[in-house]
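Letter by letter, the chains look like this.
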Amino acid sequence: MTKEKRQIFVFLIFALALLTIPFLLRESYLLNVLVFIGIHTMLAVALNLLLGYAGQISLGHAAFFGIGAYMSGILTARFALDPWLVIILAAVSAAAIAFIIGFPILKLKGHYLAMATLGFGIIFYIIFNETVGWTGGPSGLSGIPNLQIGGIIFDNDMCNYYLVWIITIAVMLLSINLSQSRIGRALRAVHDSEVAARVMGINAWVLKVQIFTISAFISAIAGSLYAHTMTFISPASFGFNFSVELVTMVVVGGLGSIYGSFLGAAILTVLPEFLRVFEDFDIIIYGLMLILITMFMPGGLISGFQLLAQKVNLKTKGK
Amino acid sequence: MVLKVANITKAFGGLTALDDVSLGVDAGSITGIIGPNGAGKTTLFNIITGLYTQTSGEVYMENKKISFFAPEALAALGLVRTFQNVELFGQMTVLENVMVGSHTKSSSGFLSCAFKFPRQIKEEKLIREKSMRWLEFTDLDEHAEMRADNLPFGKSRLLEISRAMALEPRVILMDEPAAGLNSRETLQLAKLIRRIKELGITVVLVEHDMDLVMDICETIVVLNLGKKLTQGTPREIQENPAVISAYLGVS
Chain A
3 MTKEKRQIFV FLIFALALLT IPFLLRESYL LNVLVFIGIH TMLAVALNLL
53 LGYAGQISLG HAAFFGIGAY MSGILTARFA LDPWLVIILA AVSAAAIAFI
103 IGFPILKLKG HYLAMATLGF GIIFYIIFNE TVGWTGGPSG LSGIPNLQIG
153 GIIFDNDMCN YYLVWIITIA VMLLSINLSQ SRIGRALRAV HDSEVAARVM
203 GINAWVLKVQ IFTISAFISA IAGSLYAHTM TFISPASFGF NFSVELVTMV
253 VVGGLGSIYG SFLGAAILTV LPEFLRVFED FDIIIYGLML ILITMFMPGG
303 LISGFQLLAQ KVNLKTKGK
Chain B
65 MVLKVANITK AFGGLTALDD VSLGVDAGSI TGIIGPNGAG KTTLFNIITG
115 LYTQTSGEVY MENKKISFFA PEALAALGLV RTFQNVELFG QMTVLENVMV
165 GSHTKSSSGF LSCAFKFPRQ IKEEKLIREK SMRWLEFTDL DEHAEMRADN
215 LPFGKSRLLE ISRAMALEPR VILMDEPAAG LNSRETLQLA KLIRRIKELG
265 ITVVLVEHDM DLVMDICETI VVLNLGKKLT QGTPREIQEN PAVISAYLGV
315 S
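If you're matching them up, the sequences are chains A and B in order. The first sequence maps to residues 3 to 321 in our numbering. The second sequence maps to residues 65 to 315 in our numbering.
Everything labelled a hint here was simulated from the structure, so no lab data went into it. Errors might be hidden in some of the hints.
Anything over 12 Å on all C-beta distances counts as not near chain B; from chain A, calculated [what the hints assert, rightly or not]:
1. I23
2. F25
3. L91
4. I128
5. E132
6. D157
7. Y164
8. S239
9. K313
10. K317
Here are the simulated DSS-like cross-link-like pairs (lysine-lysine), alpha carbons at most 27 Å apart as the crow flies [as the list claims (entries may be wrong)]:
11. A:K5 to B:K186
12. A:K7 to B:K189
13. B:K219 to A:K5
14. B:K189 to A:K5
15. B:K261 to B:K169
16. B:K128 to B:K68
17. A:K5 to B:K169
18. A:K5 to B:K194
19. B:K180 to A:K7
20. B:K194 to A:K7
21. B:K180 to A:K5
Note that CB positions come from ideal geometry on N, CA and C, so glycine has one too.
With the sequences and hints as input, model every part of the structure.
Here it is in structure tokens:
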């Protein structure tokens, strides 16, 4: 099997497995967790394009997630606009905001970029909190309608599962394609040596702004889906903590790996649920696990999987 | 004249690194820029390739003024460089490094790449084939799938040249291409530079290895303490008393 065919094969299995899960697993609670994993995967993939591929940090990505969620929430709950249209509108708006702030801040590097993105993340968090007339402020915004197509209303876990995961799988596929193209190589080139990338004719600044914009676009779609599946949103979900959690998902899963982002999102969504049995100690164990993963798997969880796959491969070839 | 530098001055605060330097490079030639440490050779390279901005003076390529052009704009015009410390994309494979060199020669955008439009698939295949040929050009084809930062130093220099060639440049500037190479590798490098010239590409190099410079360069420019000392053929340079004193410190 050629490398390319193997990749298609792996992706098909991955997609098929995810799409059959609801038939095997009908428990509402678990499906709900999986919906969250889907939304988080979308966000982690979006951030990974920026952080893992182009090598540019964002500590404010929760803001784009929030822009998507609040635009969908406000425009459908208060103004009764068509939710599908609003999703597109919200994604385009988030992308436009990213484009405008991207030009000045993506001139910055390293810690300075981290500070600037942290800044806009906090600004949006304050906006979500303070514009009470629109967002409902700290007490949140409720009454967001479920999405519907024709006669199907996405108001149960099964429907939401398919809604979220079909879009997530599409986002993953497009991101994988992008990462293996000339654009993906240009992004990684900027990551490894910006000066050499520029000498090779890559306009690093514009490229960074472009990927930042796309990343915001995807994050906003995730936000809209979140708003419509939860039907209630509050600013706490879009603060600094969540921005950091997204960075953690990308790093723990594996920088520069789309499947890694899925793994990171899955682990960081599921782990807190499992650790509840430890009650007050859960946060300590959680932190410890993250430290161990980053210490012993600097390439993220995905690198562990790849190593395992190689070993299995060698064994089967040996026989 | 494919490249012309006119009255370039570069001051870093109070220090004048380059003082009114002018020189011309003939199309299709190999030109060497030499001079003792601190003469301003790399500074001049950085100004020509858009990494530094000069205090005054102009740079022309084929009579087009390219002063203050960004490196990416110069790449599109066919001016490329290599680095003294080798700037590879370390986490990418050897082949991918060269494929990045095709960036200006390909055009698929974000949508086309994400949705794998047929034109993009075709272009990708073409980039791969062309890049393999540039790897064969420097005998690196067997290392195509290796991670670039695992290459031994001598080969990483060759990879940087392959990558620059993938840009199909008209002018290639090499900053100390022989630094860190052993004598056998330096001989191979000399052959390689001649082959690049045979392809009709103008080569400009900064180099400390005098045997190499005298062997392959048709014109040599000597810089000393930020000023141009002289310009001439290898023979003229070797016999020039000013050059000898600049190198040996006799006054």
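Hint-by-hint comparison with the structure:
1. Interface exclusion of A:I23 from chain B stands, the closest Cβ pair being 26 Å apart, more than 12 Å.
2. For A:F25, the condition that its CB be more than 12 Å from all CB atoms of chain B holds, with the nearest at approximately 30 Å.
3. Consistency note on A:L91: stated as away from chain B, and its beta-carbon is indeed over 12 Å from all of that chain's, at 20 Å minimum.
4. The beta carbon of A:I128 sits about 32 Å from the closest Cβ of chain B, which is more than 12 Å, so the claim that it is off the interface holds.
5. Every Cβ of chain B is farther than 12 Å from the Cβ of A:E132; the closest lies at roughly 35 Å, confirming the non-interface assignment.
6. Every CB of chain B lies more than 12 Å from the CB of A:D157, the least distance being 31 Å, so the non-interface label holds.
7. Taking the minimum C-beta to C-beta distance to chain B, about 22 Å, the non-interface status of A:Y164 holds against the 12 Å cut.
8. Listed as a non-interface residue, A:S239 keeps its Cβ farther than 12 Å from every Cβ of chain B; the least gap is roughly 28 Å.
9. For A:K313, the non-interface assignment is confirmed: its Cβ lies about 19 Å from the closest Cβ of chain B, beyond the 12 Å cut-off.
10. Distance to chain B confirms A:K317 as a non-interface residue, since its nearest Cβ pair spans about 22 Å, more than 12 Å.
11. Of the supplied pair hints, the one linking A:K5 and B:K186 holds, its CA atoms being roughly 17 Å apart against a limit of 27 Å.
12. Restraint check for A:K7 and B:K189: satisfied, since their Cα atoms lie roughly 15 Å apart, inside the 27 Å limit.
13. A distance of roughly 26 Å separates the Cα atoms of B:K219 and A:K5; the hinted pair therefore holds under the 27 Å criterion.
14. Restraint check for B:K189 and A:K5: the C-alpha separation of about 14 Å stays at or below 27 Å, so the hint holds.
15. Restraint check for B:K261 and B:K169: satisfied, since their Cα atoms lie roughly 21 Å apart, inside the 27 Å limit.
16. For the given pair, B:K128 sits about 10 Å from B:K68 by alpha-carbon distance, which is consistent with the 27 Å threshold.
17. For the proposed pair A:K5 and B:K169, the alpha carbon gap of about 26 Å is at most 27 Å, so the pair holds.
18. With a C-alpha separation of about 20 Å, the suggested pair A:K5 and B:K194 falls inside the 27 Å cut-off, and the hint holds.
19. At roughly 15 Å between alpha-carbon atoms, B:K180 and A:K7 fall within 27 Å of each other, so this suggested pair holds.
20. For the given pair, B:K194 sits about 22 Å from A:K7 by alpha-carbon distance, which is consistent with the 27 Å threshold.
21. Restraint check: the Cα-Cα separation between B:K180 and A:K5 comes to about 17 Å, which is no more than 27 Å; the hinted pair holds.
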